[in-house]
Amino acid sequence: MSSPSDDLGSDASLIRLSQTHPESFTGIFERHAESLRHFLSRSAPHAVLDDLVSETFLTAFRGREKYDFSYVDARPWLFGIATNITRHHWRSEGRQGARMARLRVDESADEMADEVDSEVIGNDEVERIQAALAQMDERYRDVLLLMAGPGLTYQEMSQALGIPVGTVRSRGSRGRGQLRELLGLSGQYEVRDEALGHISIPGGLME
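Count the sequence shown with the working numbering and you get residues 39 to 245, in order.
Treat the hints with care, since some could be wrong.
Here are the in silico distance ranges between beta carbons for each label pair [claimed, not checked]:
| # | residue 1 | residue 2 | range |
| --- | --- | --- | --- |
| 1 | V86 | R177 | 17 to 27 Å |
| 2 | Q173 | H126 | 12 to 22 Å |
| 3 | R166 | L87 | 21 to 31 Å |
| 4 | E61 | R218 | 41 to 51 Å |
| 5 | Q193 | G47 | 41 to 51 Å |
Rather than coming from a laboratory, the hints here were simulated on the basis of the structure.
Small disclaimer: the values here were computed from a predicted structure and weren't measured.
All residues carry an ideal CB built from backbone N, CA and C; glycine is no exception.
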């Protein structure tokens, strides 16, 4: 006779199982906590990072009965919850500007630096990009960070943010334009694109 823990296929099946066996939800945490923490680290300082991760999974656990089981992958759902929680946290703290000014350089920066001439991109360039992101409309910034982070499709980003796919695309386009303006991109366009990679926004997003 099989036990509930035997059904560990898709995220959807595990979430469904957790409705009658709540302890099974720990499997969702084990599968996605690391990537979620990595995603949140781009827009939250270490001091609150663990709290935001915990709150994301607690909110997900409490709302698991409303999960759309047509989605076998829970990442869009989790990243959408995380995006909302982070936004609300910084609104309540009244530290939106300070939060974005402290955007952490992505942990993959060292690897990416090997591919980019270190003389072309320095700390000042990264700081300029961080400052520009701090001034962006949060709707556009949310889309750009999701595009650059967990590798979601447009459909999955649509699910995460609760907006139509067309809106995801338009906000991404407007976000790229706003970021260009804030950075004052002109003849140094390619250099700026490479610099964006250091905060996990690949140059492709600026095309």
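Structure-based check of each hint:
1. V86 with R177: 17 to 27 Å: Holds: the Cβ-Cβ distance is about 22 Å, inside 17 to 27 Å.
2. Q173 with H126: 12 to 22 Å: With Cβ atoms ~20 Å apart, the hint holds.
3. R166 with L87: 21 to 31 Å: holds (24 Å)
4. E61 with R218: 41 to 51 Å: holds (49 Å)
5. Q193 with G47: 41 to 51 Å: violated (21 Å)
Hint 5 from the earlier list is the only one contradicted by this structure; the remaining hints agree with it.
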